[in-house]
Amino acid sequence: MRDETAFRDFVQAKGPALLHAARLLTGDHQRAEDLVQSALTKLYQRWGRTREPMAYTRRVLVSTHIDSTRRRWWGERPTATMPDQPAPDPALPASEDRDELRRMLRELTPLERAVVVLRYYCDLTEKDTAAALRIPVGTVKSTAARALARLRVEVMT
Amino acid sequence: MSPSESELRASLHAGEGDQLDVDAVLAQARSTSRDRRRNRLAIGGAVVAVLAVAGVITGVQLNHDDHQQTGAPAPSGSPAQMVPSCPGSAPIVPQSYAQATGPLFPADVTAIKVCLYNAEQLTKSKDVTGPAAASYAKRFNDLPVVAKGQVCPLFVTPYTIAMLPVTPNGPAPTVVGKIGGCGQTSNGTGARNAGDLLRELETGLGVGAPGGGTGGSVSHGPIVPSHSVSFGPGPS
Chain A
1 MRDETAFRDF
11 VQAKGPALLH
21 AARLLTGDHQ
31 RAEDLVQSAL
41 TKLYQRWGRT
51 REPMAYTRRV
61 LVSTHIDSTR
71 RRWWGERPTA
81 TMPDQPAPDP
91 ALPASEDRDE
101 LRRMLRELTP
111 LERAVVVLRY
121 YCDLTEKDTA
131 AALRIPVGTV
141 KSTAARALAR
151 LRVEVMT
Chain B
158 MSPSESELRA
168 SLHAGEGDQL
178 DVDAVLAQAR
188 STSRDRRRNR
198 LAIGGAVVAV
208 LAVAGVITGV
218 QLNHDDHQQT
228 GAPAPSGSPA
238 QMVPSCPGSA
248 PIVPQSYAQA
258 TGPLFPADVT
268 AIKVCLYNAE
278 QLTKSKDVTG
288 PAAASYAKRF
298 NDLPVVAKGQ
308 VCPLFVTPYT
318 IAMLPVTPNG
328 PAPTVVGKIG
338 GCGQTSNGTG
348 ARNAGDLLRE
358 LETGLGVGAP
368 GGGTGGSVSH
378 GPIVPSHSVS
388 FGPGPS
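Top line first, the protein sequences correspond to chains A and B.
Sequential numbering of the first sequence, starting at 1, is according to the numbering used here.
Sequential numbering of the second sequence, starting at 158, is according to the numbering used here.
It should be emphasised that the hints constitute simulated quantities derived from the structure, not laboratory data.
Keep in mind the model is a prediction, meaning the values are calculated, not measured.
We put the beta carbon where it would ideally sit given N, CA and C, even for glycine.
Hints may contain errors.
[Stated by the list, open to error] Below, a list of computed lysine to any residue pairs in the SDA-like style, where the Cα atoms sit at most 20 Å apart:
#1 A:K42 / B:E162
#2 A:K42 / B:S190
#3 A:K42 / B:H170
#4 A:K42 / B:A181
#5 A:K141 / B:N196
#6 A:K14 / B:R191
#7 A:K42 / B:R166
#8 A:K42 / B:D178
#9 A:K14 / B:K281
#10 A:K14 / B:R197
#11 A:K14 / B:R194
#12 A:K42 / B:R191
#13 A:K14 / B:N196
#14 A:K42 / B:R193
#15 A:K14 / B:S242
#16 A:K42 / B:K281
#17 A:K141 / B:L177
#18 A:K42 / B:S242
#19 A:K42 / B:A171
#20 A:K42 / B:V207
#21 A:K14 / B:H170
#22 A:K127 / B:P251
#23 A:K14 / B:D192
#24 A:K14 / B:A181
#25 A:K14 / B:Q176
#26 A:K14 / B:R193
#27 A:K14 / B:G174
#28 B:K281 / B:S242
[Claimed, not checked] A few chain A residues that face chain B, going by a derived Cβ cut-off under 10 Å, partial list only:
#29 L40
#30 W47
#31 R49
#32 T50
#33 M54
#34 Y56
#35 V116
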């Protein structure tokens, strides 16, 4: 039997951090909520069988996001009519620096963005980041270096 | 840690603190979990159904093969699948038949395993099922009971026929007959002189005992028909 009280406590405690990480990954509040919901649903199904629920949820969060950015034959199609642009994220303060950071984050590749979020927002070690993304530690290092370089270059110009 | 990294960390943490709607998350998770469970059950049910259909088809196919083997339709319940196997060596004719008046076969026989032995060695066997089995059982039972004090010629061939009857309730006592002489046949509680029928069965098995069941030119045994007999339903 699933312990729903413990799951509810977990969502209440860790939900805000997961939602913010998802927002940094997607750059969009609505998509971030969907992403977190998807990750927490997967966690709910494994609840009680996962020793480290937060690590599991983070791993699901980033892998689901990276998977969603891969273009598939049944995925998004070019269209002549532009859809409505998402409104500015009201959760982020309207600071120019932060708007600039969000813009720069969006320009990173999904993997680079995931590495930046895991390393500098979730404060994971390189080893844990590698485990969450299921890539070698060396790839984490090189990807982080590349991402930071791009962010710094952007900041400095 | 470089200053730029500190700035990056601070910038990334800015704006956090939004709460999730826990009830909505939980409701969605429950719903998805329920759907997954339902899907799993549906898939499991479909797999079970497919296996059941495959099992029925296989059973029907096996039953059909048995029919082809005996040339007679088997009744429901697939008795052919329950027919026991022949003993490795010829069983001994039960000796208590002298005044045994009981039937050789039960009335509800559904199959008979016929085993032919030559010098105690199993040489041939065949399953008789359905109406053919019932017909043979009736014909054996209808033969006259061995009369008290009856004298039979001593000529005996090396051929023995063992018949293993099967009823809906399981195997019945084995009926054993010796070809030759009077064709004495017994199951321990009933005894008949069944030379003709034993010879007919033997011919049906495709193995002719040399000299026939009566000792060739010696005419002191039952008269044996020379025609070939198949395992179809016989006269009842």
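Does the structure keep A:K14 and B:Q176 at a Cα separation of 20 Å or less?
This hinted pair holds, its Cα atoms lying about 9 Å apart.
Between A:K42 and B:A181, does the CA-CA distance stay at or below 20 Å?
With a Cα-Cα distance of about 15 Å, the restraint between A:K42 and B:A181 holds, given a limit of 20 Å.
Does the structure keep A:K42 and B:V207 at a Cα separation of 20 Å or less?
Violated, because 30 Å separates the two Cα atoms, which is more than 20 Å.
Taken at face value, is the distance from the CA of B:G174 to the CA of A:K14 at most 20 Å?
Satisfied, since the Cα-Cα distance of roughly 10 Å is no more than 20 Å.
Pairwise hint evaluation, B:R193 against A:K42, where the allowed Cα distance is 20 Å at most:
holds, 11 Å
Closest C-beta approach of A:W47 to chain B relative to 10 Å, hint status:
Since chain B brings a Cβ to about 9 Å from A:W47, closer than 10 Å, the hint holds.
When the least beta-carbon distance from A:R49 to chain B is tested against 10 Å, hint result:
Constraint on A:R49 not satisfied, violated at 13 Å.
Quickly compare the C-alpha distance for A:K14 and B:R193 to 20 Å and report which way the hint goes.
violated, 25 Å
Interface hint status, A:M54 versus chain B (Cβ within 10 Å):
violated, 14 Å
Sort out whether B:K281 lies within 20 Å of A:K42, counting only the CA atoms.
violated, 65 Å
When you check the alpha-carbon spacing of A:K42 and B:E162, does it fall within 20 Å?
violated, 32 Å
Is it true that the CA of A:K14 sits at most 20 Å from the CA of B:N196?
violated, 30 Å
Checked against the numbered hints above, the structure breaks hints 1, 3, 5, 6, 7, 9, 10, 11, 13, 15, 16, 17, 18, 19, 20, 22, 23, 26, 31, 32, 33 and 34 and satisfies the rest.
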